[in-house]
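Undergrad: The chain contents come next:
Number of protein chains: 2
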Amino acid sequence: MTKKVASRANAISPFHVMDILSQAKQLEAAGQNIIHMEVGEPDFDTPQPIIEAGMHALKQGKTHYTPACGLPELREAIADWYEQQYEVKVNAERIIVTPGASGALLLVMGALLEKQKQVLLADPGYPCNKHFARFVEGRVTSIPVDANNQYQLTAQHIEQYWDDNTAMALVASPSNPTGTVLTQPDLKELAAAVASKSGHLVVDEIYHGLTYDGFHAPTALSVSDQVFVVNSFSKFFGMTGWRLGWLVVPEGYTEVMDKLAQNLFLAPMTMSQYAALAAFQPNTLAILEQRRQAFERRRNTLLPLLKDIGFSIPITPQGAFYLYADCSVLLNEQIPDSMALSRYLLNQAGVAITPGLDFGHHQAESHCRFAYTRDESLLIDAAERIQRVMIG
Amino acid sequence: MTKKVASRANAISPFHVMDILSQAKQLEAAGQNIIHMEVGEPDFDTPQPIIEAGMHALKQGKTHYTPACGLPELREAIADWYEQQYEVKVNAERIIVTPGASGALLLVMGALLEKQKQVLLADPGYPCNKHFARFVEGRVTSIPVDANNQYQLTAQHIEQYWDDNTAMALVASPSNPTGTVLTQPDLKELAAAVASKSGHLVVDEIYHGLTYDGFHAPTALSVSDQVFVVNSFSKFFGMTGWRLGWLVVPEGYTEVMDKLAQNLFLAPMTMSQYAALAAFQPNTLAILEQRRQAFERRRNTLLPLLKDIGFSIPITPQGAFYLYADCSVLLNEQIPDSMALSRYLLNQAGVAITPGLDFGHHQAESHCRFAYTRDESLLIDAAERIQRVMIG
Ligand SMILES: Cc1ncc(COP(=O)(O)O)c(C=O)c1O
Ligand SMILES: Cc1ncc(COP(=O)(O)O)c(C=O)c1O
Chain A
765 MTKKVASRAN AISPFHVMDI LSQAKQLEAA GQNIIHMEVG EPDFDTPQPI
815 IEAGMHALKQ GKTHYTPACG LPELREAIAD WYEQQYEVKV NAERIIVTPG
865 ASGALLLVMG ALLEKQKQVL LADPGYPCNK HFARFVEGRV TSIPVDANNQ
915 YQLTAQHIEQ YWDDNTAMAL VASPSNPTGT VLTQPDLKEL AAAVASKSGH
965 LVVDEIYHGL TYDGFHAPTA LSVSDQVFVV NSFSKFFGMT GWRLGWLVVP
1015 EGYTEVMDKL AQNLFLAPMT MSQYAALAAF QPNTLAILEQ RRQAFERRRN
1065 TLLPLLKDIG FSIPITPQGA FYLYADCSVL LNEQIPDSMA LSRYLLNQAG
1115 VAITPGLDFG HHQAESHCRF AYTRDESLLI DAAERIQRVM IG
Chain B
765 MTKKVASRAN AISPFHVMDI LSQAKQLEAA GQNIIHMEVG EPDFDTPQPI
815 IEAGMHALKQ GKTHYTPACG LPELREAIAD WYEQQYEVKV NAERIIVTPG
865 ASGALLLVMG ALLEKQKQVL LADPGYPCNK HFARFVEGRV TSIPVDANNQ
915 YQLTAQHIEQ YWDDNTAMAL VASPSNPTGT VLTQPDLKEL AAAVASKSGH
965 LVVDEIYHGL TYDGFHAPTA LSVSDQVFVV NSFSKFFGMT GWRLGWLVVP
1015 EGYTEVMDKL AQNLFLAPMT MSQYAALAAF QPNTLAILEQ RRQAFERRRN
1065 TLLPLLKDIG FSIPITPQGA FYLYADCSVL LNEQIPDSMA LSRYLLNQAG
1115 VAITPGLDFG HHQAESHCRF AYTRDESLLI DAAERIQRVM IG
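As given, the protein sequences belong to chains A and B, one line each in that order. Residues in the first sequence are numbered from 765 upward in steps of one, following this note's numbering. Residues in the second sequence are numbered from 765 upward in steps of one, following this note's numbering.
Bound conformation, chain A alone:
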């Protein structure tokens, strides 16, 4: 079937995990039990106080459009959050509420990335980023990163890869798929390097709040007021289905974002915005802290089990809910790469994971991602199943 679509649309290959997912569904339909470790969202439902705030808003008839940049009181609440969590003062005017971090990424790419100009991205990294860039006819420079640089872009990368066609760099801390975190000095060096090129630095902080070992990820806003920060209510706040995120912009950029948001989105979801006001309440935060601790326990449980099986995880990730594992030792002629391994583990062990190819090309065929978005007991079960089919 030759359909006439734009080349930007043709250029998108489906996520490899979609293959895994649809096969998992078939197996489940046939009665098999599958442990899903491919899912990039918390297994917990949204905390009750947020749900109640949402229902209250509906009862009050909060069903109309809001301003394109979001409810003023939510922008204020997010500004307060920066002060309370990070001791960083951010004017509420600088905060643009968006339909998820997805909306924020689309907005910031659309606003900053001139057509044909390049954005620097870490490989491996969040798979949608390159498609946001391509959607607005920008170009991507994928920079291979590995355990030596904590799977993160560094100031040296900026020096090495920036050229006249580069407009911006995008990093994520904690990162998806690797869970590694940029420290304040890392961020400072990165921001300085990008500033020295008169470029833009965008930092995706969607996994903020989900950090472990007593570590708190610093926000890029604490090192520079010229960075663009993407965030979301999806992960730490447990609100994936509510489609609500935000973008923090430097002073002077609100107007252009407002114009773009008016045209692209009209406004973010109204009831979600009222509900999100409850996300910062002490009773909600207490629930979120318990969940954070649960994620930390899960990581601590799963990590040694995977290592025992032979997966190599050279860096213990300090954030997010992912383990990015080198599976080289487990590959062989029958299972030549991580995609084959993902298929094998699904079919033989009933465990669904995400092959590295979904996050880029650099060493992708020898890596895969485990999401610990399942109960500890399930994680243990999954590790046992894998152990059984891989080692016996």
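It cannot be assumed that every hint is accurate.
[Unchecked claim] Pairs of lysine-lysine residues, derived as DSS-like cross-links and limited to a Cα-Cα distance of at most 27 Å, are as follows:
1. Lys853/B to Lys768/A
2. Lys961/B to Lys879/B
3. Lys881/B to Lys768/A
4. Lys952/A to Lys768/B
5. Lys881/A to Lys768/B
6. Lys879/B to Lys881/A
7. Lys879/B to Lys879/A
8. Lys952/A to Lys881/A
9. Lys826/B to Lys789/A
10. Lys768/A to Lys961/B
11. Lys789/B to Lys826/A
12. Lys881/B to Lys881/A
13. Lys881/B to Lys879/A
14. Lys853/A to Lys768/B
15. Lys823/B to Lys826/A
16. Lys853/B to Lys952/B
17. Lys826/B to Lys823/A
18. Lys768/A to Lys879/B
19. Lys768/B to Lys879/A
20. Lys768/B to Lys961/A
These are computed hints drawn from the structure, not numbers from a lab.
With chain A fixed as given, assemble chain B with the ligands onto it according to the hints.
TA: Below, chain B with the ligands without anything else, positioned relative to chain A:
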């Protein structure tokens, strides 16, 4: 302040009505009473059965991501709606649930409009369309339309304006700002003309359901299975703040839309989707029919009042909730154009309307849009106020 933003973002001029709106806010803060006739959303809250379905979904913990194309049961319900309303069979696979018609327009432009290629648009028309096109680095050919062609693109326009760089045409029926409706023969001719160019026809049917005089707008799907249809729960169903719409694609296009939607949106808002399942229930439809009748009464009330004042409305619109009025007779040296008139009516009469410039350039300075999204009594009050300051 020279900020470095992409030219596509710089190219967007703010909506003129934003000026009117912010001035209206100042006047209101100073205690003045303003009648808002610039607002493109129903004044009614979302019907109660939909709200209750939303609350029920929240109670059940429906707070996670859904598939990118939407809940299968909602896609089925929309397909059933086409059968029930229009006697048109549409496979549910062809329906992509999106974050509003806004999301559907972004998706369809991104999928179909090659960079530098052109989309044909009616002028006047919905202002965001040209920015969706520009967002993906497409180009726009604005085609002046007027009362002689019902303010709609015709097959003749397609013949006249299509060239080698044209990829698609986009029309809206009922239209914003004019409220005019394309008949089945109109649609058939348009679809045939675009097909003869091997191009794509997109029909925005967001105001379907809001039609008057016993008239029902035919869906473009009834004349061709090769058109792309945009729709939304915003207007007829009264769900603006819920950010939910859909796109119907020809057989064979689902996969490419799914890939794009996965990357751009991840998924539409979960709770909105469950709530929308209640939009098609008989008790909801009964409420919507009452509201439709209220809109019809409002149109019938406002239209002669505006004509009495001197506004010329050559075509009685059969749909939407707008009157697009020629104000030439009311212009003079002090009030040279429709933007000046909008300012004057706001300041002198406390009535907010939208100047024609927000919808294009063709005769924009002698036209303005009245939204009858207010109670009949307010519409009468507004007309009296305008009468007083314009005529005395
Ligand atoms: C790094 C990263 N950024 C952005 C997103 C988008 O999330 P949302 O649109 O739900 O806020 C995700 C989702 O998985 C992510 O992992
Ligand atoms: C013609 C037309 N299309 C699309 C939209 C977008 O509406 P929504 O995104 O709320 O569905 C509007 C809103 O005013 C409109 O008038």
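Undergrad: Each hint needs a verdict: does it hold in this structure or not?
TA: Results for each hint:
The straight-line distance between the Cα atoms of Lys853/B and Lys768/A is roughly 24 Å, inside the 27 Å bound, and the hint therefore holds. Only pairs whose Cα atoms come within 27 Å are accepted, and Lys961/B paired with Lys879/B is accepted, the gap being roughly 18 Å. Among the hinted pairs, Lys881/B with Lys768/A is consistent with the structure: their alpha-carbon atoms are about 13 Å apart, no more than 27 Å. For the given pair, Lys952/A sits about 21 Å from Lys768/B by alpha-carbon distance, which is consistent with the 27 Å threshold.
In summary, the hint linking Lys881/A to Lys768/B is supported, as the alpha carbons are separated by about 13 Å, within the 27 Å threshold. Simply put, Lys879/B and Lys881/A have alpha-carbon atoms about 14 Å apart, close enough for the 27 Å limit, and the pair holds. Using a Cα cut-off of 27 Å, the hinted pair Lys879/B and Lys879/A holds, with the two alpha carbons roughly 10 Å apart. Between Lys952/A and Lys881/A the CA atoms are separated by roughly 24 Å; this keeps the pair inside 27 Å, and the hint holds.
Between the alpha carbons of Lys826/B and Lys789/A the distance comes to roughly 20 Å, so the proposed pair stays at or under 27 Å and holds. Restraint check for Lys768/A and Lys961/B: satisfied, since their Cα atoms lie roughly 13 Å apart, inside the 27 Å limit. Restraint check for Lys789/B and Lys826/A: the C-alpha separation of about 20 Å stays at or below 27 Å, so the hint holds. Taking the CA atoms of Lys881/B and Lys881/A, the gap is near 19 Å; set against the 27 Å cutoff, the hint holds.
Only pairs whose Cα atoms come within 27 Å are accepted, and Lys881/B paired with Lys879/A is accepted, the gap being roughly 14 Å. About 23 Å separates the Cα atoms of Lys853/A and Lys768/B, which keeps this hinted pair within 27 Å; it holds. In summary, the hint linking Lys823/B to Lys826/A is supported, as the alpha carbons are separated by about 18 Å, within the 27 Å threshold. At roughly 17 Å between alpha-carbon atoms, Lys853/B and Lys952/B fall within 27 Å of each other, so this suggested pair holds.
Restraint check for Lys826/B and Lys823/A: satisfied, since their Cα atoms lie roughly 18 Å apart, inside the 27 Å limit. About 14 Å separates the Cα atoms of Lys768/A and Lys879/B, which keeps this hinted pair within 27 Å; it holds. About 14 Å separates the Cα atoms of Lys768/B and Lys879/A, which keeps this hinted pair within 27 Å; it holds. Between Lys768/B and Lys961/A the alpha-carbon distance is near 13 Å, which keeps this suggested pair within the 27 Å criterion.
The structure meets every hint from the earlier list without exception.
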